[in-house]
Amino acid sequence: MARLVRTLSRGPLHVVIIVLALTWMLPTAGLLITSFRTPQDVAHSGWWTVFEHPFNFTRYSLENYRTVIEKKGMGQAFLNSLKISIPGTIIPVMLAAFAAYAFAWMKFPYRKTLFLIVVALLVVPLQMTFIPILTIFKQLHLGGTLPGIWLAHTGYGLPLTVYLLHNFIAGLPSELFDSASIDGASPLQAFFRLVIPLSIPAIASVIIFQFLWVWNDLLVALMYLGGTPNVAPVTLKVANLVGSRGQDWELLTAAAFVSMALPLIVFFSLQRYFVRGILAGSVKG
Amino acid sequence: MALGIFFKRKRGYFLLRTGRLQPWLFIGPALLLLSFFLVYPSIHTTVLSFFGRPYSAGAEGFIGVENYKHFFTDRSMLTAFRNNALWVVIFTTFTVCFGLMFATLLDRVRYEKIIKAIVFIPMAISMVGASVIWKFVYAFRPAGANQVGLLNAIVVFFGGKPVGWLIERPWINNWCLIIVGIWIWTGFCMVILSAAYKNIPRELMEAARIDGASEWQVFWRIILPILKPTVAVVTTTMIVFVLKIFDIVYVMTNGNFSTEVIANRMYKEMFSFYRYGRASAIAVVLLLLIIPVMLFNIRRFREQETVR
Chain H
1 MARLVRTLSR GPLHVVIIVL ALTWMLPTAG LLITSFRTPQ DVAHSGWWTV
51 FEHPFNFTRY SLENYRTVIE KKGMGQAFLN SLKISIPGTI IPVMLAAFAA
101 YAFAWMKFPY RKTLFLIVVA LLVVPLQMTF IPILTIFKQL HLGGTLPGIW
151 LAHTGYGLPL TVYLLHNFIA GLPSELFDSA SIDGASPLQA FFRLVIPLSI
201 PAIASVIIFQ FLWVWNDLLV ALMYLGGTPN VAPVTLKVAN LVGSRGQDWE
251 LLTAAAFVSM ALPLIVFFSL QRYFVRGILA GSVKG
Chain Z
1 MALGIFFKRK RGYFLLRTGR LQPWLFIGPA LLLLSFFLVY PSIHTTVLSF
51 FGRPYSAGAE GFIGVENYKH FFTDRSMLTA FRNNALWVVI FTTFTVCFGL
101 MFATLLDRVR YEKIIKAIVF IPMAISMVGA SVIWKFVYAF RPAGANQVGL
151 LNAIVVFFGG KPVGWLIERP WINNWCLIIV GIWIWTGFCM VILSAAYKNI
201 PRELMEAARI DGASEWQVFW RIILPILKPT VAVVTTTMIV FVLKIFDIVY
251 VMTNGNFSTE VIANRMYKEM FSFYRYGRAS AIAVVLLLLI IPVMLFNIRR
301 FREQETVR
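These protein sequence lines map, in sequence, to chains H and Z.
Heads up: the first sequence is residues 1 to 285, going by my numbering.
Heads up: the second sequence is residues 1 to 308, going by my numbering.
Quick caveat, the hints were computed from the structure, so don't treat them as lab data.
The structure displayed is predicted, hence computed values, not measured ones.
For each residue, glycine too, the CB sits at the ideal point set by N, CA and C.
There's no promise every hint is true.
Claimed, not checked - Derived coverage of chain H by chain Z (criterion: at least 3 residues anywhere in the stretch with Cβ under 8 Å from a Cβ of chain Z; other residues may be distant): (1) 42-52; (2) 265-272.
As the list claims (entries may be wrong) - Looking from chain H toward chain Z, a few residues come up when the C-beta cut is under 8 Å (computed): (3) L26; (4) P132; (5) V231.
Same shape as in the complex, but just chain Z (with noise of 0.2 Å):
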C-alpha cells in the first residue's frame, strides 16, 4: 500500500507508565470527532438506505430492498454503472502501464528528475483546475470556424472535421474524460513503481543483458516479475480511487451526454431530487465495492511486510 513506503519502523516494546485517565484525554477528541463525523453516519446511511422519500415525514416509511432495486434496474443508474466500469478497466490499465514505463524508462536517462516532475505536477493541482485544463483542449468550434482547442485545431489541420469530445456519446467523451484522470494520476503511479525499481539489484539486470538477454526479455522475464507485487497495490490503490471518482465528471460535463458516474449520481439525487433513501443506497453500494479491494490490498500488505 502507498501507506507503506511513508516512515515504518520497529516498533518498541515499552509503554510509558500514565493515570488511568489520562491516554483517553490524548485520543478522547479525536475518538468523538471520529465517532460523529464517519462511525455514526455510516450507520445512519445504511438505515437510510431502505427507507423512501421524505424519511423525515414518514410518508414512504421503511420500502426494504427498493432503492437497492432502482440501483441496478434504472437507466440512468446503469449507465452511471457502465461507466464507473469502464474508468476502472481504462483509468487503472493506462496509470499503471505509463507508470510503469515511465518508472522503467527513466531510470536510463539523466535528466531523470526534471521529467518526473513534469510527469508529477498534474498531482498538485486540484481535479478542479484541471478539469478547466483540459475542458480548453477538448474546446469545440463548428467547422469554418478558428479552432482554439488544441484537439480540434490539430484535427482540422490534418484535414479532419472537428469533433464535440466532449459530446459524442458514448465513446468519445468518455474516453477523453477518462485521459484526463490518467493525466492526473500516472504521476503516482510512476513515482511509487520507480521507487520500488530502483530497489532491483543492479547485477540481476547486468547479468542478464551478459547472458545476451534483450532489454524486452530483462523487463518480462526480470522486472516486472519483481515488480509484481508494487504493480498490485498500485494497481489496488488506483481502483479504489476510481470508483469515487467525481470532481473531474461533475465540472467537465455534469454527468450529461451519457457520462454519469456513481458518486455524481449520488449528489444529483440528493441536490436535484432530494430522495434521500437512494442517495443513501448508491453511497452504500460504494461501499460495498470498495470492501473487497481495501482487504486484498490489506492482506497484499502484510504479505510483503513479512517477506521483509
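In isolation and in its complexed conformation, chain H is listed as follows (with noise of 0.2 Å):
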C-alpha cells in the first residue's frame, strides 16, 4: 500500500520526464519517417498521417535515398566527408601526441611557456583566421584541395588535443619512464612502447571528438572548399540543398540523414569515449 501511494506521488514526475523526453524525439523521428515517404505524400500530408496506417508498406520507399545519393550528389559528398575527416583526424591526434610528450616529459627551454601558449590559442575563435590563410593558400592553390583543409583542420585541432593529450600523458607515472631509461630505451622507443599503449582511451576519447568535429564542420569547410563542390562534405551539400531544394522535404530529410548516419553509428556504439570525446570537444573555438 505505501508503495502505491508513493508510486502514484511519483506520477507527475514520470509524466514531466516522459513527456520532455518525447517532445526531444519528435522532430528527428519526423525527418526520419519523412525520408521514407513518397513525394506524393510529404507533400500532400504531414509525417504523422503515416500512424493511421503504419504497417502499409507500400506507401515507403528507399527512392529518396537513391535519389539524393546518386542524383544529387550526396554519395559523393559522403566519400568527400570521409577524405577529410578520416586525415583531418589522424595527422592532428599523431602530431599532438608527440608534442603533449615532449612537453609532458622532456627537459628544453621555455618548456612552459610554449605550453601555455598553445592552450591559450584555444581562445581564438576561427574567424580571426580566414582572411590571411585564405589569401595564402590562394597563392599556393592550397584553396578546394583536400591537403589545403587537412592542414586546417590539424591547425585548428591542435590547441585542445595538445592540451587533452598533455593531461594524460603527464599522469602517468614517471617510475615508468625511470625504469625504461635504465634500460635504455631511448625517448622515441619510449613513445611508442609505453606511452601511446597506455594512453589508448584518451587518444580514442580525442579521435572521436576530432572525427566528430570534422564531420559536422561546416564553417571550415564552406571557407576553404566553398568554392569547389567536387570536394564539398555532406554539411556544405546539405546546407546548398536547403537553399536550392528548399520545399523538398523528402529530398532534405534524405540527404540529412545520410549526413548523420555516421555519426549516430559512432554514437550508439561508443557511447561512453563519445560523451567523454564531446565534452572535451565542446570548448574548441
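Dock chain to chain to rebuild the complex, using the hints, since each chain is given by itself in its own frame.
Structure (C-alpha cells):
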C-alpha cells in the first residue's frame, strides 16, 4: 500500500520526464519518417499521418535515398567527408601526441611558456584566421583542395588535442620512464612502447571528438572548399540543398539523414568514449 | 571547465634526459602549424581591421578605427549585435536550466540512461542536420492548405492561423532559431551537471528530508549551492560557444528577416562584399568578447582545482 502511494505520488515526475523526452525525439522522428515517404505523400500530408496506416509498407520506399545519393551527389559528398575527416583526425592527433609527450616529459627551454601559449590559442575564434589564410592558400593553390583542409583542421584542432593528451600523458607514473631509461630505451622507443599503449583510452576519446568535429563542421569547409563542389563534404552539400530545394522535404530529410548516419553509428557503438570526447571538445573555437 | 572532467591526474616531477635537439623534433610540427594557422593570422587580421578595401591595392589604405565605428553604428551590424545578445541570454538560460532540471529529475527514475541518450543525441549530429530537422518542424503553408510542418499543424489543429515561424520578425523567428540551439546543447549541460550531481553526498539530502525539508527546499538550499561552481562553468562555456553561433542561422535564414548574427555578418562581409577590413574588425570584436569570459572560466577552474 505504502509503495503504491509512493508510486502514484511520483506519477507527475514520470509524466514530466516522458513528455519532455518525447518532445526531444519528435523532430528527429519526423525527419526519419519523412525520408521514407513518397514525394506526393510528403507534399500533401504531415508525416504523423503515417500512424493511420503504420504497416502499409507500399507507402514507404528507399527512393528518396537513391535520388539524393545518386543524383544529388550525397554519395560523393559522403566519400568526400570521409576523405576530409580521416586524415583531418589522424594528422592532428598524431602531432598532438608527439607534442604532448615532449611537453610532459622532456626538458627544453621555455617548456612551460610554450605550453601555455598553445593552450591560450583555444581562445582564438576561427573567424580571426580566415582572411590571411585564404590569401595564402590562394597563392599556394591550396584553396579547394583536400591537403589544404587537412592542414586547416590540423592547425585548428591542435590546441585542444595537445592540451587533452598532455593532461593524460603527464599523469602517467614517472617510475615507468625511470625504468625504461634504465633499460636503455630511447625517448622515441618509450613513446611508442609505453606512452601510446597506455594512453589508448585518452587517444580514443580525442580521436572521436576530432573526427566528429571535422565531420560535422560547416564553417571551415565553407571557407576553404566553398567554391569547389567536387570536394564538398556532406554538411556543405546539405546546406546547399536547403538553399536550392528548400521545399522538397523528402529529399532534404533523406540528405540530412545521410549526413547524420555515421555520427549516430559512432554514438550508439562507442557511447562512453563519445560522451567524454564531445564534452572535452565542446570548448573548441 | 568542461576540460577539467577529462583525465586529470597528478603530474610526476621527473623529466627524461634527451638530446638538445630531440624535444624540438617532437613539438616542432605542432608549433609550426599552430603559428601558421592561429598565431600569424590573428596578428594579420588585427592589422587588417585598421585598413580599408581593397587592402592589397592600397586604394583606401589605413583608415584607423573606421571599421570599428562601422561595427557599432551600421544598422545591420547593430541588428546582429542585438541578436547575439538575445542568443546569449535566452540560449544560455534555457540550456543551463533544462540541463539542471534533467540532471536533478533523471536521478530519481530507473530509466535515466535511455532518457539521457535521447536528450544527448542532438549533440552527435551536425548543426546543419539539426537545422534541416527544425526547418521542417517550422515549415509553413498558407491557411487552408494541409500543413506539413509539425508546429503549424498543431496551431491549426487548435483553430489558430498558420504562422511563418522563420519570417515573423524580430521576436518569433529569433526565438525559433534559438530553440534549435537549445535543443542541441541541453544534452551537453545535462551530462556535465549530472556528473556533478552524482558527486553530492546522498546523506546531505537525506538528512534535510528527514528534518522535514520539501524537495523544493532541498533543491534550492542544498543541491544548487553545491552545484554552483559547475553551473558557472557550464554557463560560461555556453556563452563562449553562442557568441560564435553561425551554422544554424546560415542554414535556416541566412540572417534574413532580422535574424542576423555577428559570425554570419562577417561571412557576408567577406564573400558577398569583399570588405576584408570590416570582416577583420568583426573577428577582432568577437575575440575581445570571448576573452573576458574565458578568463573568468580559467580562474573558476583554478579555484576548483585548489579546493580539491
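To see whether the hints hold, each was checked on the structure:
Counting residues of the stretch 42-52 of chain H whose CB lies closer than 8 Å to any CB of chain Z gives 7, so the stated coverage by that chain holds, three being the minimum. Only residues whose beta carbon comes within less than 8 Å of a beta carbon in chain Z count, and the stretch 265-272 of chain H has 3; three or more means the coverage holds. The interface hint given for L26(H) is met, as the beta carbon of that residue sits about 7 Å from the closest beta carbon of chain Z, less than 8 Å. Checking P132(H) against chain Z by beta carbon gives a least distance of about 4 Å; that is within 8 Å, so the hint holds.
Hint on V231(H) is violated. Least Cβ distance to chain Z is approximately 17 Å, over the 8 Å limit.
Going down the numbered hints, you'll see the structure goes against just number 5.
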